[in-house]
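Q: This is what each chain is made of:
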Amino acid sequence: MTQDYIAVLVQIVLAGGFAVATLIASALLGKRALRNPMKDSAYECGMLPVGEGQARFSVKFYLVAMLFVLFDVEVVFLIPWATVYRAQIESGAGIFLFAMLGFVGILFLAYLYALKKGALSWQR
Amino acid sequence: MNPDTLTWLILLLPLLSAATIVVGIGRWSNLSALVSTGTAFLSLVFSVMLATNGEAVASIAYPWIDLSPSFQVNIGFTLDKLALGMMLIVSSIGFLVHLFSLGYMRDDSGKSRYFAGLSLFLFSMSGIVLADNFVMMFIFWELVGVSSYILIGHWYEKNSAAEAGKKAFLVNRIGDFGFMTGILLVWILTGSIYFKEIAQAVGGVANAGLLNAAVLCVFAGAVGKSAQVPLHVWLPDAMEGPTPVSALIHAATMVAAGVYMLARVSFLVDASAVAGTTIAWVGAITALLAALMALQQDDIKRVLAYSTLSQLGYMVMAQGLGSAGADAGMFHLYTHAFFKALLFLGSGAVIYACHHEQDIWRMGGLRKRMPITFWTFALGTAALIAVPFTSGFWSKEAILEALLQQKMHGPYAVGIIVAFLTPFYMTRLVLVAFFGPSRTKEAEHAREVEPVMWIPLALLAVMAVFSAYRFLAAPLVAAGHADFGHFFSHFGLTATLSLVGLVGGVAGAWFLYRTAQKDPISIPLFRDKFRIDELYLFFVDKIQDGLARGLTRLDRDVIDPLIARFPAALSLAGGSVSRALQTGNVQTYAFLFGLGVVALLYFVL
Amino acid sequence: MQVYYLEFFVVALGLVMLMVDAFAKLQDKRSLARLGILGLGVVFLLLFAVQSPSNAASPVWKFYAAPDNLSLFFKGVALLTTILSLVMAIDFAPIVLSKIAPPDQGAHPQAGLGEFYSLPVFVCAGLMWMASANNLVSIFVSIEVVSITFIILAGYMRRNVGSLEAGVKYLILGALSAGFLVYGFAWLYGITGSMELGPITEALAKPGVNSTAAMFAFSLILVSLAFKLGAAPFHIWVPDVYQGAPTPITAFLSVGSKAGAAIVTLRLVYPYLTSPVLGTKALAILVVIAILTLLLGNLGALAQKNLKRLMGYSSVGHSGFLIMALASTSYPGAVNALSPVAVFAYYIGAYLLMTLLVFLVLNVLNAADTGETLDSIRGLAKRSPFLAGILLIALASLAGVPLTTGFIGKFLAFKIALDAGQWMLIAAALIGAAAGFYFYLKIAASMYLDAPSSSDGAAIPVNLLTKVSMVILAILILLTGIVPNVIVKLFS
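Protein chains in written order, with my numbering: chain R, 1 to 124; chain Z, 125 to 729; chain E, 730 to 1221.
Taking lysine to aspartate or glutamate pairs in the EDC-like style, the calculated list, with each CA pair at most 16 angstroms apart, reads:
| id | chain 1 | residue 1 | chain 2 | residue 2 |
| --- | --- | --- | --- | --- |
| 1 | Z | Lys642 | Z | Asp422 |
| 2 | R | Lys117 | E | Glu844 |
| 3 | R | Lys116 | E | Glu844 |
| 4 | Z | Lys642 | Z | Asp423 |
| 5 | E | Lys1034 | E | Glu1101 |
| 6 | R | Lys117 | E | Asp833 |
| 7 | Z | Lys205 | Z | Asp451 |
| 8 | E | Lys1111 | E | Asp1179 |
| 9 | Z | Lys290 | Z | Asp300 |
In short, the hints are calculated from the structure, not lab data. Since we're looking at a predicted model, the values are computed, not measured.
With the rest of the complex left out, here is chain R (with noise of 0.2 angstroms):
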């Protein structure tokens, strides 16, 4: 049985061979850069960085974004259902439509409880 790992050690060892070798030649290779805090900074041209590296958001920002992928996705459930619908309807499987009214009632109600605690309000 540990045969059959034979193949998958080959590969870790090709894999990390592989960036190991370039490693290797590239140092050999390539001409040596030059070092200086200057070269290093963020800006090469001479602008200096102000602040932190990483900006801060607010946390709003990600709770709006949030509740648009929430909502972006689950409207796209909506495509798949009608490209069937018809189907589904002749061959007299009722509770179709119904099913996604409760979906998208669920939905609605969802966007409801968002407005009213304010969460897509971008003053509070």
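Place chains Z and E on chain R using the hints.
A: Quick look at chains Z and E alone, frame taken from chain R:
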């Protein structure tokens, strides 16, 4: 109602009452008392209904733990004549005692607790009576012990009462240990815990020695519960409990449970002759020793307690004959239950009237002041000393005759001697307490008790006289009742001897105690109960404690390190290993998680 | 009434609670919890009105099992757990409020409390669905409904480092385990060509099944389920999360989540155990996991000082007994008197009663600011005889003292292992049970024998609803301990 429902109601109503009182209504003591008395009454009614239902129903079984076919324990009820009769005795006396307690415990501060205890007792006693297997009987056997403990120690502020409760509990443990061993042995030998199956299987048991041991171990349970020598020491002390409790538990019903149990398994006694003889002799010795001790007691309840011991000795003697004597023993249990309950309740009335005075030498002259109590007490005494044609006479004759027929001459002789001693000490009791002048102020001021207390006395007095006759006894006991035809046609040795004993005993006491102001005879050995308590104390103090000290040392220095501390250290070490994995770091956790997956996969593939 | 209406009702209840919280001007948001308790209670009663399906061919039954005693029992367990967690959450409200952001100017003084009461209702719907899910997709979705909600709830007290930590740990490790589950499902689908448990069971029983691939799928699925059950070696998250999460949520997590995981485990592992090809191997893994869990859980608890953490280890230990029952399943053809399903269900029921009872008491102590360490309950019997008595019953049952439901549960587990002849398991379980006796009764002893820690001698207030719940649970523990047949008979 069908028998199923009735039986369940009889069993569970008292439990319900006890639970209701403890959980809910305990703070309203009068309501609690009424609820408890009400359920006792219902219990009586249902028992009567069940008994008059005919004998169509033999047994009912409900699966309790049912993992069939590999393992099964049933809650089973036996509803044969033996059980139904005993149930009637328990519920009728139980109800009367409840009634009496309404008066006796009127102003007690722990009234609800008391009635809850009575209800619990009624529940557990019904369980013993109805059980169709040893396991169930043993469970209720222990429950009876608990309720007895609660009730003996009812006045727990009094040191002696608390101590007495503890003593009863501990002494009973010894017997119960034997009982349990016996049950297990019987189970090993016959492969069953059900009485019916044991009865069929016991004939096929080859190992006679082990069977003897098993039966004797089962008997040990009866020795503890029915207070036979050498485990009799708890019963006199148990008189510290309220008097109605003494009447119900320590005279009429619970102490008879041992006898009932022996009657239930009389087929086991039949199968083992050695055990049978031993049982008969233990009963005889108890009857004799207890009667001797009763001669010199001054406390009215203690005299009755020793007479109870002595009468229980009679019953156990009869049970030693196996099925040949079981009916006679149960017959005496039945008559005794009524007249002894009567005597105890009567003594309770006297004690109540004399402001909780129990010393008979500080009473006297109560005959005039408490006529109803006196006359009922006298009738109870008549039954106890076997005055001809009272109930006690018939049942005692039955036992003695059975002994003679089975050629148990030794116990028979003892029985005759006791038949002389009993009239002596009972006459002494009645003369000193009720006749002559009043010796103290309390006795002078005694007045007749109220109806709620004397009505039970009167009812019981009727039963004390007539319970042996066919119109009352026929539905109650399997066999045995007053039979004039038989008595006169077989008038012989037994009847003559016991009549001589009766007359001699009464006359002797009359002569000695007619006008006595203090005890004219003094036998310290009897007064001190043969110093058995002291002997036990010495044994426990010196020998058992010495042994225990040695064992403690062994335990602490050898066993503990070997089997307790070493594994404890090991498991604590195991615990710290598992704790060491808890670094609290999510990365570590995820890593361990992955490690687990790899290990699992390696294991699987 | 069709069985799936139950979940509809519960979801609707949760939505109503959210809407009421958002739109109605409630003075005291704790009445939301009372509404939830009432609604769930009604749904619990409706459990007894469930009819067998009128149309067995309906496509619904392809992803939702037709009602049987087992699924209804677990739905009941979910409902009861949620109800009791809400009871606890009412008492716990002040602590939650103090550990979330202080309200803005003009906002409701209890802002943020409403969701603490509505989210458990959604968990409940998920748990109930888990009890009936019989399709890989519906199993996964229902598990995720429960897990995601639990992540929010575990980290609910966002100003409390412990609670946040619990939430984050549960999130990361939960996501990891969910990944394994999906991967396992993918393999399972690849092997059997079906998403439904019925065809999967048939496919796995065929002699031609690819055993290596099937066992690979099994391991992946088992990893995830062991994580949810808190079984070793995937139990490491349990003590940390249990300690950090708000007490009502810890209780909910320890009983609800475990019950849900248990029923799913039963449904997913059973096809393997009954397969003649794969049974032996699957059983061997389960035995190893059961032994590890029994030992690590119970021995780990020995040295604990924090009660919630100790309950975490105790929960792991009890998972050990559960898996022990599962690992004692008879091989095909063997005759076994006791159905593992019955043992499993009984054990979960027993575990529910006693664990929730302990947490009810802990929650009251928490709310009274008594603390949650072992020291804090020293001499509890003097301060509050009622709480001490209740806790004593629960602990005795957890330890497995006879005449309690915990004893019967352990007894059945031992019995079934004995029937199956799993001696290694029995040895481990004996060690575990002995250790359990030590650490449970140590708590009981310290309640009754030690003197209370000097500072606070004040009586601890217990409100009526909590008191009633405690008494009912205690009575049920004793009752099912004396008459176990009531539950056992449901499944045989």
